Amino acid sequence: MLEKALHGSRRYYIWLAFLGALVIVGAIAYSRQLNYGLGLTGISRDVPWGLYISQFTFLAGISVTGVMVAIPHYLHNFKAFAKVVILGEFLAVAAVIGAILFVVVDLGQPARVMNVLLYPSPWSIMFWDIVVLGAYLLVSIVIGWTALAAEKKGLPVPRWAKVLTYLSIPLAIAVQTVEAFLYAGLPGKDYWATAILAARFLSSAFASGPALLIMICMIIGKVSSFKVLEKAIDALAKIVLYAIVINVFFFLLEVFTALYSQVPAHQVSLTYLFFGYQGHGNLMPFMWAAAILAFIGIFMLAVPKLRHNKKTLVVALLAVFFCGWLDKGLGLVLGGFVPDSFGRVMEYTPTVNEVLIISGIYGIAMLVLTILYKVVIAVRRED
Amino acid sequence: MRKRDDQQTKAYESHSLKRRDFLKAALATGAVGLGGAALLRFISPADTEAADWGSPNALGAKHWGLVIDVEKLNRFANFSQIIEACHAHHNVPAVNDPKTEVKWIWQDDFEHCFEELDNAYLSEDIKAQEFLVLCNHCENPSCVRVCPTQATFKRDDGIVCMDYHRCIGCRFCMTGCPYNARSLNFFDPRPYIKEIDPDYPTRTQGVVEKCTLCVERIDQGLPPYCVEASNGAIVFGDLADPESDVRQALQSGLSIRRKAELGAGPSVYYLIGGGVPAVAGGELNA
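For the protein sequence lines, the chains are A and B, in the order given. For the first sequence, the positions run 1 to 383 when the working numbering is used. For the second sequence, the positions run 1 to 286 when the working numbering is used.
Isolated chain A, as found in the complex (with noise of 0.2 Å):
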C-alpha cells in the first residue's frame, strides 16, 4: 500500500519538498551538535532539560489521541469515528517517531543509546518510558496497517487486531502516566513533586491532541476528496472541550496548594512562571499567553454556535492546542528548574541551531504523517 504514498497532485509534492528541507536542515544542525556537543544548546548546569525533553513531553502526549478515538469507536461502538479511527492510530505512529527522536537528540552520547536495553534498570523510569514507547509505537503501527488493509479488501477488522486495540488503550495510558513519573519522583523539584501531575499530563494531552487531529481532518478535507464525517467532528470537539476544563481545572488545584499554603516550595515556580522571580521572568509571556488561551478555548468549544461553525471553531482549537503546548511543552520542564539547589535562577533561552534540530524533527514527524495520511486517502479513494 506504501506505494500510494509516490503519486500526488503538485501541491503535495512542493509539501512533501518543504518538510524535506526542514528535514534537511535539522540534520545539518544535529550534526553540528554531534561535533561540538550539547553546548551548542541554551540547556546548562542547572537546567540539564530544555526544549528537546519538553517537546519530547509535548508529542508523547499528542501520541495518545488514537486512543480517544478509538475507546469511543470499539469500546462504546460510536461508529462515526470508524473513518477517523486509523487517522488517530497513525497520528500516534508520527508522534512517538518525533518522541524518540527528541531523546535521542538530547542525548550527550547518542551513540550509548542501546545501554539502556543493555543494562536494564527497572527502577530508572526512562528505561519504562522508552518500554511503554517503544510498545506504543509498534502496537499503533500495526492496528493502523491492518485496519488499513481490511478496509481496502472490504473485510473487517481481524479479530486479533481489535484484541490489540483493546490493549493499546492501557499503554496510550501507562505512556503519559510513564512521562509524568520521569518528573513526579525527584526530591527537590516541588513544582514537578505533585500527586496530580500524571492526570494533568492526560488531560492535557487529550486537549491539545484531539484539537490536532480535528484540524488534521479539516486540512484533509480540504485538499482531498475524502470528508470526515460532522457528526465525528463534533463529537472530537465536545472531548477536547472537556479535556482543557479538567486540564484548567487540575491546574487551578495546584495554584490553591501553593497560594493558601504558602510555602515556599510549592510557589516559587509559579511564581517565577507568572509574575518572574529575582528579577527573572523570560517565560511570563508564554504563560500569561497559555492562561488567556485556555479560556479563549473553553468560551469558544462551549458555545454550540462558535462550535458548530468551522472557522470559529478552528480559532477555539488552536488556543486550547497552543496553550497545550506552551503548559506542557515550555513552562512545565522549565519552571521546574527554578529556582536551583542553591536558590538561584539560571534562564534558559533556545540557541538558532537547538530550534533548527527541532523543525527537522517535527519536519520528519509530519513527513511520517503526511505519507501515512495520504496512504490513507487514496485507499479509500478507490472505494
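There's no promise every hint is true.
What the hints assert, rightly or not - Mimicking DSS-like on lysine-lysine, the simulated pairs with C-alpha atoms at most 25 Å apart in a straight line are: (1) Lys154(B) / Lys189(A); (2) Lys238(A) / Lys152(A); (3) Lys259(B) / Lys189(A); (4) Lys189(A) / Lys99(B).
Since the hints were derived computationally from the structure, they do not count as laboratory data. No experiment lies behind these values; they were computed from the predicted model shown.
Fit chain B to the supplied structure of chain A, relying on the hints for placement.
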C-alpha cells in the same frame, strides 16, 4: 595456518548453507544472545560493583563520609588550594562559564548552601560565611535511582561512582540530584585542562561527571585530596563506626547537612560546633 584456513573454507562450503539462511541464523543467535544477556543483567544487577582495582592497602568502610569543620575551614584552610588539589588531579576542565562549567568541589556562602536556614535577621557575616560543597554521596541517592543505564552506582562502602564509558548523557541524574553536584561535559573537556594528569582519565564530550570521593585513592589506602589539602578542616572516615574520626567529630557539637529533609541521606556533614558539651549529669538544666 593456511592449510587450516583451507579446511575451514571447505567445511563451510560443504555445509552448503545458503547465505540467506546463514544471515537469518546469525540474526536469531544475536537476538537471543543480546536478549539473554540483558535478561541476566535484569535479574542480577551485580555487575554494578566496581572492578577490583584496589591494592592490599585499600581502606575499608561500611559508609564513607566527610565532616567539614566550618570554623577550622575558614580559619586554617585555603579554599582554592583544596579545590585546586581536587580539580588538578582529576583533570577537571576549567570552563569559565556558569552555564557549562564542570566542578567537583566548589565554594558558596551560607545564604545559598543552607537557603532554608536563612532569615532576615541573620548577621551579614554568617550569611556570607563560605562553605565547600561537593557530591554528598547520599545513602539513598536519587541520581542512582533515575540513571537508565546504571552508569552511576553506589558502592558497598557508600561511595556514589560514575562509569564514564556507560553514561549516555541523558542528564537525568543532574535533574534528579537535589544538590546540583553533577556536571555535563558540554563539549570536549581536554582543551580546558591546564595540565593533564596522566594518573587519572580525562572525560569525553557528552558524559556527566562529579566528585568520586577519590575512590581511586581510597582503594590505594590514601585519603581524598580535599581532606589532605584541608589542614585538618575536613575529616574523613566510616560513619558506621562509632570510634571513627568522623563520628568523634560529630560528637563535638552541632552539625548540619544540606537539605536533609529530602531524605537522600547526605553523607557530608558540616560541623558548626557551639553545642552544649556533654556536661556531667545535665547540671545546666537543673
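Hint check:
1. Lys154(B) / Lys189(A): 22 Å, holds
2. Lys238(A) / Lys152(A): Roughly 30 Å between the alpha carbons, so the hint for Lys238(A) and Lys152(A) is violated.
3. Lys259(B) / Lys189(A): Roughly 12 Å separates the two Cα atoms, so the pair holds.
4. Lys189(A) / Lys99(B): 19 Å, holds
Hint violations for this structure: number 2 only, all remaining hints satisfied.
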